[in-house]
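Chemist: 253 is the number that full-length UniProt numbering gives to position 253 of the sequence shown; each next residue is one higher, with no gaps.
If you are wondering where the hints come from, they were derived from the structure by calculation, not from laboratory data.
Warning: the hint list may mix true and false statements.
Only pairs whose alpha carbons sit at most 20 Å apart, straight line, appear in this in silico DMTMM-like list of lysine to aspartate or glutamate [stated by the list, open to error]:
1. 256 x 202
2. 385 x 433
3. 256 x 355
4. 64 x 98
5. 256 x 289
6. 430 x 246
7. 256 x 236
8. 430 x 365
9. 551 x 521
10. 198 x 162
11. 256 x 96
12. 198 x 521
13. 358 x 289
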Amino acid sequence: MTPAGHQTPPQHTPSRHAPELRAAARHLGRRRFLTVTGAAAALAFATNLPTAGVAGAAELDAAKITDDPFTLGVASGDPQPGSVLLWTRLAPVPFEADSGLPQQRVPVQWELAHDAKFRRIARRGTTAAHPEFHHTVHVEVTGLDADRVFYYRFRTGSWISETGRTRTAPATGAGVAGLTLAAVSCQAYHDGYFTAYKHLAEDDVDVVFHLGDYLYEYAVNSVGGARNYTDRTLPDVFNRETITLEDYRLRYALYKTDPDLRAAHAAHPFVVTWDDHETENNYADDIPENDVPPEEFLLRRAAAYRAYWENQPLRRPQQPEGPDMQLYRRLRWGRLAQFDILDTRQYRTNQANGDGWKTPTPESEAESQTLPGLAQERWLTDGWKQSSALWNVVPQQVVFARRNHATPGNTTRSMDSWDGYPASRERLLKGAEAAGVENLMVLTGDVHVSYGFDIKRDFDNQNSRTMGTEVVATSISSGQNGAAQPPNWAGYLAANPHMKHYNGQRGYVTVALGQGAANVDFKTVNAVTTPGAPITTAASFVTEVGDQGLKPA
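Using the sequences provided together with the hints, build the complete structure.
Modeler: Here it is as structure tokens:
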């Protein structure tokens with residue numbers, strides 16, 4: 001049964017190669033896979049594993065756990081009116097493949113309270129951390145009051161986790177005065193410290209939207225890349241690209257040991273969606289970046305998707321099946337906001353003309369080109385037709401608005417963004433127009449800079465209707481320190497009159513949605529290659545209900 005406030009999308013029609021390739025991904029033999037990839041842990045993910053609660057592993061006596069198992073922190077996600085999702089993973093030795101635990105299930109107690117000292121318990125229970133899911137825990141707590149803040153923690157044996165703070169969403173039809181969200185993206189561990197998360201943990205927001213590139217598949221050397229550790233040495237298991245399930249699981253362990261990321265997860269519920277690097281750079285559906293047979297790439301995708309679900313605060317409908325995972329979904333915040341969270345990687349047609357900035361061609365402008373897939377396009381536009389929310393917000397991955405090149409006369413555009421799929425974008429703009437959507441906001445990541453755009457009905461005509469706003473969150477660390485005004489800053493703004501903001505530093509963005517307007521604050525840090533940089537509000541804007549477009553606040 002789907003909890004109130006959450007709409008499970010229709011099952012997506014698999015890709016054109018789906019039946020044969022997905023069968024291959026599930027049944028490709030171990031000897032063949034080892035031969036063609038050299039991977040050490042081949043098929044742990046190639047078959048459907050038991051769902052939580054039915055696995056048959058023997059139970060471990062938790063009293064035998066002698067080291068802190070909560071090294072990766074706690075998290076919560078996808079708040080609903082009467083429900084919260086709580087997450088943790090047991091990992092006494094997080095940088096080892098087995099995390100320091102035997103292949104036995106471990107009983108884990110959880111508590112949800114109205115207060116941080118746990119004097120007023122709202123719910124408590126016991127679940128099992130199964131070895132099949134790398135001893136991760138996903139607890140869906142139901143029957144709660146709507147629009148409430150809660151505190152939670154886990155315990156096993158003599159160990160107690162840190163305390164997390166989460167909340168339920170308002171009732172579906174409730175009037176809501178306001179909501180403050182944060183949007184984050186792109187956190188390459190090897191590019192610097194997650195300092196922005198330290199500040200976000202202390203910020204007053206209701207929910208955080210992670211818009212993709214939670215981790216990167218690239219190797220991380222012994223000094224942590226640009227972090228340049230002098231007080232620790234990372235093991236060699238990270239100094240290789242992620243390919244296997246073990247690789248991806250270990251990489252999540254590396255990221256989740258970061259204290260600033262742990263603090264942000266403990267402070268706020270997250271709503272997550274992926275981009276490309278959680279699997280492989282610039283992949284499209286079953287087509288990898290490099291010349292690898294699709295059936296082999298689907299094995300890698302299955303590993304990445306499984307590790308993603310295991311390590312994120314996601315609910316049961318998002319649990320993957322082999323190389324497929326239903327990630328796009330809908331959340332509501334009373335009558336104030338509807339959030340349509342997109343997946344623009346799993347179903348896209350291949351990037352036309354290759355990746356990067358290329359001159360548009362009939363291939364890139366063809367009606368058949370789709371970024372979210374046709375089924376997801378229909379799901380989104382149908383959801384707009386049925387929406388009664390004041391704000392319709394679309395958290396997704398790549399830049400939606402037109403971006404003309406900063407150099408005069410250069411007609412290239414990004415093939416990896418919506419500019420490479422203009423027919424797909426036009427279908428959504430027509431859908432929003434037909435549905436009467438008046439206050440549209442798109443949340444975007446990917447590009448390692450912050451932008452603010454007016455979404456024009458016709459980007460070739462700046463006098464056309466402004467249908468909404470696009471808020472692009474810069475990276476947490478990807479791209480290293482960045483600059484407030486990158487070299488193409490003036491040219492970019494001149495070439496794109498609908499671009500109202502551009503900043504190249506690291507950080508995050510907050511959006512306060514209200515009954516009369518939304519206030520947007522772009523927050524930046526001046527360095528990530530050294531820890532401890534202060535946070536600054538680089539720019540603030542407002543977009544008014546019924547009068548879309550970003551104006552300086």
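Chemist: Indicate, hint by hint, whether the structure satisfies it.
Modeler: To see whether the hints hold, each was checked on the structure:
1. Restraint check for residue 256 and residue 202: the C-alpha separation of about 18 Å stays at or below 20 Å, so the hint holds.
2. Proximity of residue 385 to residue 433 is assessed by CA-CA distance (about 10 Å); at most 20 Å being required, the pair is judged to hold.
3. For a cut-off of 20 Å, the pair hint linking residue 256 to residue 355 is broken: about 30 Å separates their Cα positions.
4. Between the alpha carbons of residue 64 and residue 98 the distance comes to roughly 16 Å, so the proposed pair stays at or under 20 Å and holds.
5. Pair hint residue 256 plus residue 289 does not hold up; C-alpha atoms about 26 Å apart against a cutoff of 20 Å.
6. Between the alpha carbons of residue 430 and residue 246 the distance comes to roughly 44 Å, so the proposed pair goes past 20 Å and is violated.
7. Distance hint between residue 256 and residue 236 is fulfilled; the C-alpha atoms sit about 18 Å from each other, no more than 20 Å.
8. With a C-alpha separation of about 16 Å, the suggested pairing of residue 430 with residue 365 holds against the 20 Å cut-off.
9. Proximity of residue 551 to residue 521 is assessed by CA-CA distance (about 12 Å); at most 20 Å being required, the pair is judged to hold.
10. Using a Cα cut-off of 20 Å, the hinted pair residue 198 and residue 162 holds, with the two alpha carbons roughly 16 Å apart.
11. Note on residue 256 and residue 96: the hinted pairing holds, with a Cα-Cα distance of about 14 Å set against a maximum of 20 Å.
12. At most 20 Å may separate the alpha-carbon atoms for a hinted pair to count; residue 198 and residue 521 meet this at roughly 17 Å.
13. Taken as a hint, the residue 358 and residue 289 pair is honoured in the structure, with Cα atoms around 17 Å apart against an allowance of 20 Å.
Figure legend: structure checked against the earlier numbered hints; hints not met, in rising order: 3, 5 and 6.
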